[in-house]
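A.B. asks: Read off the chains here:
Number of protein chains: 2
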Amino acid sequence: MKYVYAFHEGGREQKFLLGGKGANLAEMTKLGLPVPPGFTITTEACNAYMAAGDTLPEGLMDEVADAMRALEADMGKRLGDDVDPLLVSVRSGAPFSMPGMMDTVLNLGLNDDSVQGLAKQTGNERFAFDSYRRFVQMFGKIVLDVPGDDFEDALHELMEERGVAVDTELTAEDLRGLVTSFKGIVQRVAGVDFPDDPHAQLGYAIEAVFKSWNGRRAKDYRRMERIPDDLGTAVNVQTMVYGNKGEDSGTGVAFTRNPSTGESLPYGDFLANAQGEDVVAGIRITEPLDAMANDFSECHRQLLDVMALLERHYRDMCDIEFTIEQGRLFILQTRVGKRTAMAALRMAVEMESEGLIDKNEAVLRIQPAQLDQLLHPQFDPSAKYEVLAKGLNASPGAAVGKVSFTADDAEASAAAGEAVILVRPETSPEDLHGMIAAEGILTSRGGLVSHAAVVARGMGKPAICGAEALQIDLARKEFHVVRDREVGGVVSPVRITVREGDLISINGGTGEVVVGQVPVVTPEPTGPFGIVLGWADEVRTMKVRANADLPEDSLKAREFGAEGIGLCRTEHMFLGDRLPTVQRMILAETPEEEEAALDALLPVQRADFIGILEAMDGLPVTIRLLDPPLHEFLPRHAEILGRQVDAFIQGLGDPEADRLMAALKRWEEANPMLGTRGCRLGILKPGLYRMQVRAIIEAAVERKLAGGDPQVEIMIPLTVTKSEMVLLDGWVREEAEKVFDAKGLRVDYMVGTMIETPRAAIVADEIAEVAEFFSFGTNDLTQMTFGFSRDDVEGRMMPAYLEQGLLPVSPFEQLDRDGVGKLVEWAKARGRAVRPDLKLGICGEHGGDPASVHFCYEVGLDYVSCSPYRVPLARLAAAHAALGEGGPGTTA
Amino acid sequence: MKYVYAFHEGGREQKFLLGGKGANLAEMTKLGLPVPPGFTITTEACNAYMAAGDTLPEGLMDEVADAMRALEADMGKRLGDDVDPLLVSVRSGAPFSMPGMMDTVLNLGLNDDSVQGLAKQTGNERFAFDSYRRFVQMFGKIVLDVPGDDFEDALHELMEERGVAVDTELTAEDLRGLVTSFKGIVQRVAGVDFPDDPHAQLGYAIEAVFKSWNGRRAKDYRRMERIPDDLGTAVNVQTMVYGNKGEDSGTGVAFTRNPSTGESLPYGDFLANAQGEDVVAGIRITEPLDAMANDFSECHRQLLDVMALLERHYRDMCDIEFTIEQGRLFILQTRVGKRTAMAALRMAVEMESEGLIDKNEAVLRIQPAQLDQLLHPQFDPSAKYEVLAKGLNASPGAAVGKVSFTADDAEASAAAGEAVILVRPETSPEDLHGMIAAEGILTSRGGLVSHAAVVARGMGKPAICGAEALQIDLARKEFHVVRDREVGGVVSPVRITVREGDLISINGGTGEVVVGQVPVVTPEPTGPFGIVLGWADEVRTMKVRANADLPEDSLKAREFGAEGIGLCRTEHMFLGDRLPTVQRMILAETPEEEEAALDALLPVQRADFIGILEAMDGLPVTIRLLDPPLHEFLPRHAEILGRQVDAFIQGLGDPEADRLMAALKRWEEANPMLGTRGCRLGILKPGLYRMQVRAIIEAAVERKLAGGDPQVEIMIPLTVTKSEMVLLDGWVREEAEKVFDAKGLRVDYMVGTMIETPRAAIVADEIAEVAEFFSFGTNDLTQMTFGFSRDDVEGRMMPAYLEQGLLPVSPFEQLDRDGVGKLVEWAKARGRAVRPDLKLGICGEHGGDPASVHFCYEVGLDYVSCSPYRVPLARLAAAHAALGEGGPGTTA
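Residue numbers (our numbering), protein chains in the order written: chain A, 1 to 892; chain B, 1 to 892.
Isolated chain A (complex conformation) (with noise of 0.2 Å):
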């Protein structure tokens, strides 16, 4: 087993193998590029250490130490050499790109001895310094694990001693001092001498980062972005090059197209004498990569050359990392950039107007799950604001709001009509009122699977996770930010106060947190959207639907792309002005006075699916029965309870009070969720189903009569025996037939049920021999199968769950392959095995989730059906299945 690849030696196929960096590194210098030299550390190391119990593999650090003889031999330096030593940074490069979650170390092989030969070779004995003070520091927090804040203290110590407001006005003596200092804490926090010889040195840095793999942040960031545990992560010994060693020497980002807009422009920050760390780092104004054509014109052409090339290679936008020292280009690090959507779409247009990818491939360019960047309220792109802190992007969208720092505060401020941002330390399941009463939520600890960010994914409310810059202040109610600011030219710390009330922004999907109100716009869908969509239509094999309750619903629904309704919700007209008569109907005392309620209903019914079928002609629109429980239509406990007093109070009695009460003890259940509704309740009060239909099978030959196309089909919800389909589907058909008769005029429909509970999967094949259809609810489907009411166990049992690693993402979010997808499989299988013309659909919340589309696709469903909002991503996420992409085992 061959663990170190020079980078002469690998290419960009190897991703796997030497991770995203290294394989990036290895094309680069294979395609001449000016790479600094150095070598790659594969992830099967990285995985043997692991499989090992945290043991380097055997032969591992003889082979990094052929490696680096190499790398000396070529480079003509020694590491750990006085008069001119080599100097290497080590950075880890996993198969997927983890921004900012595993460690680098640069720097290394200073050593006492070394740093003068750093000093010799810059002439410049105070940049020496302050590169091994730097060093011993990083190295100390990373490897060593030595809290960062014991360096920061004794630099401060320092600069007040010194009476210097910012460190670069300490001295050579005063840094050489400082890594002396630096040492010590080493040696008292973790116990161990600075390992002074460059070898043990590159042994630890190796061993820290492949500890790195399974730091909290990392897991967390995995199980977000759904990259398997198992891949490792390479490691990258490279030549150090320094961007400040003087006026002819920078550094610089640079993407070959613009990553927010997506024009065909170069585009990048340039800074002259300075680090990497100094452009990320954001303390000094960088400049736009144009202005290098001044002091650094050939680099600067030769930059744009790289460039060009690359993208033309790579076939896509590149992000480059480069430096220059002393007049010398080299690039550090390239890879496929990332991009907004916006630019996502342009670039994928231009592209392939440009020849360089195909249609397919255009399509396969945009992640499904980008689209909620265009389809969410967004900070208005022309807006200009500065942020105060960046916490992690929990869950998409933008909010504005006061500030709240408790739920119930949050509660009382929403309930007085503000709009409300709730900010906690990190929430818990005691938090959810405020939680559901804020517009966005703000935590300063936790991470993507925290609790406050998988309840606000749950919720699809605006979160911002672990924004570790604020300090919460919950007896003052109020937060802090401290922030390096530069006020003419001197960057000092200021502290920013934001106190209960206060309105801040936060972008959920950036991580953006901002004082004061932001513009929020819901952007407009602009042309690139409408082409790709066009072309991911034209290869996906499977439908998309939306779930519609309502004409507008439908017809927005439409706008986006559905190709029919896949579950409308009748319930949701019982609602407003419709509860007082849906009211009369449970609380009716005689077959006649239902019987009126129901009467009254019916035309309003009818209605809204005139206006559902028109906005949908010609399209297929699943209606589906009555599906809650009765007592869902009655007014809460305390609310009949609070008229039952008052009326008592005032000597006189309220018999309509008195009658809800009865009517809520008569309907309430110990388990709704598994009570008295779908056809359960249509089998004990037939009079209500009964109606549904004719309301349905009117406006449909209302519609034909009107020349339009009505596509009906009547779905049965909460099916378990075929007895009930067999029943239900008489009744829907004996109804239809007296319509039909009426009015002289017949219109198909079709008859079907939704799959949702375990036993319906189960018996398909008997439930087939009615239905003409199965829809997967695999909402339901996935309460019962994992035994999980959503209301319960999403707020408090769930975070815990994905937290320690029990689930890898809620069943909820995605679909649940291993149990609730063995369901769906065996009802396909056994439905279709007794009808073939079975269709299948899914309207759980599943059809809007990239890998369930793909799941649905795989399994042979005919559509999917999900929000109207989300029916683009579906789109997409359909065409990426029949693709072949976005399957189980790929990743974001």
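Calculated directly from the structure, the hints in this document are not laboratory data. Treat the hints with care, since some could be wrong.
[Stated by the list, open to error] Facing chain A, a subset of chain B residues (Cβ under 8 Å, in silico):
#1 426
#2 666
#3 671
#4 673
#5 674
#6 676
#7 718
#8 723
#9 727
#10 729
#11 785
#12 789
#13 796
#14 819
#15 833
[Said to hold, decoys possible] The following label-pair restraints were derived from C-beta to C-beta distances:
#16 A:415 - B:639: 23 to 31 Å
#17 B:181 - A:750: 55 to 63 Å
#18 A:743 - B:474: 41 to 49 Å
#19 B:484 - A:596: 43 to 51 Å
All of these numbers come straight from a predicted model, not from anything done at the bench. Cβ coordinates follow ideal geometry from the N, Cα and C atoms, glycine included.
Since chain A is already given, all that's left is putting chain B on it; use the hints.
C.D. replies: This is chain B only, laid out in the frame that chain A set:
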């Protein structure tokens, strides 16, 4: 297709073709016994009739006519003859006995001509016209659907007119007039002339019997007894013989052994000069069989010979109906006789020792469900009591209590410490609280699948349904029964009134209602019980364990033959005087407080476990870690609110109440069945499970130190993923090792899980990688597979579903083979594929249902576990399964 068989053409093996009665009549004819000649119309004719939409199959009436001609030739008489007419009975006879459920017509063939012939033959005009008016009445009621009361009213009007108290005082002339009035009633009510043609009468009667197969009562009975609907009934047409032709005639019923006690002596009732109806109706006092020796010595001797022959031939106790017509003995019917459980056991044991049957057959002679009679409370067999009314035996057991007519009254009386019998016309979900409060339930309407019946069986409470003799007056809170009572030789109707608060006794196993208190006993199983169950143990291969939570239950279970404990629910140890400690744990605000509460619970749990392990020494004990959600251990909302209000009124605070309320709100759930319970709770509260494991292992070590043989199986509830098992199995083993280290002694133990969510069954292979045993929790598995919350559906939806035939039987009573059963089979196959020695059992209530036990045997489970009182039943059912009996398609 041959539809008609003369008695001499068939045999007892043709039960499914000829029905039970027809097959036995044929068998007796073949044996040369004096059976009045006749023929049987097959069940196939009945099925053809139903399949053709209630139309007699072609050719049937031709075959009947042929058979009737042969019968006339044989008897030398003719139907409708005015000199010596042939008269026949027409009786239903299904493959399985359905006593009283279907229809019979006697004296068929009478009309205005043949009644003269009958008068001549008997020399008794009054007898002839009484037979005629009875025939018109019976035919009118059964064949032509004329309400029976119309005839009774006319009869009583005439009696009043004539000034007589009983109908026997009416003269021949009176009866002749009554025939005319009865025919007038038929004409008026049914709208047809009474058919005078005997052949037409026969056709009508045959059709009426076919129709009675699908009568409401017959269908309910079949559902209850699980007799398939597609068997159909045969029709027996048999020459009439008369036991009421004078003092040389008589009729009786005989059993070859005593059906109550099992004693091996002929037993029966005889009435001189009477018809069969008179014996059954109980209007006249019958004499014991021996009394025949005086006036009917020859017939008596002949009858004893017949009985001996039949018992030898059938190798079982036979039940015989006979008639003596003018000194000549006729055997009208025989069948293997019904018997009490006690008699069945004694007969089985004695027949085995007589060499009549072998041990296996003896075991098969006892129906497992019969054992309920021996284990539920019963009326004291030595008690004398008068039965007020009989209803359907809807739920076994006897109860005594004061009558309540509303659920609220029942609840109030029960709260006041009274034993209550809830009496209602029928029950509905709103009566549930009254049913819970009552000792037993009695309704005047509704069948064996009515709401009252289904709910009572679910609750395990005695119930009688459809006691139609009860006239319930809810307004006056009383009920009336009108009965014929003989006073001084005169039978007259008596009206008995029972008022609210009066004491009554009910026997749900027999349907008997008695005024006053009948002593109730729980029978002690006698010698034959132990012998037969011993034989059952010899043949069965599946083990039987008990569900028991306390040492005393465990002892009881072992007495009943349990071979271990399949489910020990530790939550039952959290109640009573331990509840405050449990609440302290829930309310704990610091880890220290929580730990202190857990420390206090440890010794009491350990003591319970020691007791249980001692009771079950040497046998496996499966202990389930805590399963229910925490809010079940808190007071109810209203109770805490009451404390808070009290404290407020007194101007004080009740901080504990406030904390309880906060905890309740924290732990309350929308659907607790699918919420934070089972191992989910364990994972959120690690200290709790670790404490329980410590208590279990310490108990086992202590038992071993005391010289015992503890066999502990620790069971994790509500698993859905392998990862849960990995985590919790790890905790268990860690805690066990700690105890072993501390005590210096090891014990063997197993760790397994309940399979009670559909997902656990689906991914059973993964779970079996960790779990050493599976116990199928079929209660919850049924709830989740169907989406039925038992609490909610059993009182409301289930009765409607059973009544409408949407489910054949409640899946909570009998394991649902097609749905839940498939998951069990799947889990077994996948689990054993991974771990061939995986131990498999079932611990839902289905473990005590014979058909479900059979299913468990078929699937290949190692054991079933049920409540201690059901252990004997399960032992017997497991033996039946091993002998190939009791599976699907077999009936009681």
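A.B. asks: Minimum Cβ distance from residue 718 (chain B) to chain A below 8 Å?
C.D. replies: This hint holds: residue 718 (chain B) lies near chain A, its Cβ roughly 6 Å from the closest one there, short of 8 Å.
A.B. asks: Closer than 8 Å between Cβ atoms is the bar; does residue 426 (chain B) clear it against chain A? Give me holds or violated.
C.D. replies: Since chain A brings no Cβ nearer than about 16 Å to residue 426 (chain B), farther than 8 Å, the hint is violated.
A.B. asks: Take the shortest C-beta to C-beta distance between residue 674 (chain B) and chain A; is it under 8 Å?
C.D. replies: Constraint on residue 674 (chain B) satisfied, holds at 4 Å.
A.B. asks: Holds or violated: the hint that residue 676 (chain B) contacts chain A, with Cβ atoms closer than 8 Å.
C.D. replies: Cβ of residue 676 (chain B) sits 5 Å from chain A, so the hint holds.
A.B. asks: Taking the closest Cβ pair, is residue 666 (chain B) under 8 Å from chain A?
C.D. replies: This interface hint holds because 6 Å falls under the 8 Å limit.
A.B. asks: For the hint on residue 785 (chain B), does the least C-beta distance to chain A fall short of 8 Å?
C.D. replies: 5 Å, holds
A.B. asks: Hint check: is the beta carbon of residue 729 (chain B) less than 8 Å from a beta carbon of chain A?
C.D. replies: Because about 13 Å separates residue 729 (chain B) from the closest Cβ in chain A, which is outside the 8 Å limit, the hint is violated.
A.B. asks: Would you settle whether the hint for residue 789 (chain B) is holds or violated, based on the nearest Cβ-Cβ distance to chain A being less than 8 Å?
C.D. replies: 4 Å, holds
A.B. asks: Once the shortest beta carbon distance from residue 673 (chain B) to chain A is found, is it less than 8 Å?
C.D. replies: Nearest chain A Cβ about 4 Å off; hint holds.
A.B. asks: Tell me if the beta carbons of residue 484 (chain B) and residue 596 (chain A) are separated by a distance inside 43 to 51 Å.
C.D. replies: 49 Å, holds
A.B. asks: Could you check the hint for me, namely that residue 743 (chain A) and residue 474 (chain B) are 41 to 49 Å apart, CB to CB?
C.D. replies: Given a distance of about 47 Å, which is inside 41 to 49 Å, the answer is holds.
A.B. asks: Closer than 8 Å between Cβ atoms is the bar; does residue 727 (chain B) clear it against chain A? Give me holds or violated.
C.D. replies: 7 Å, holds
In this structure, the earlier hints numbered 1, 10 and 15 are contradicted, and the remaining ones agree with it.
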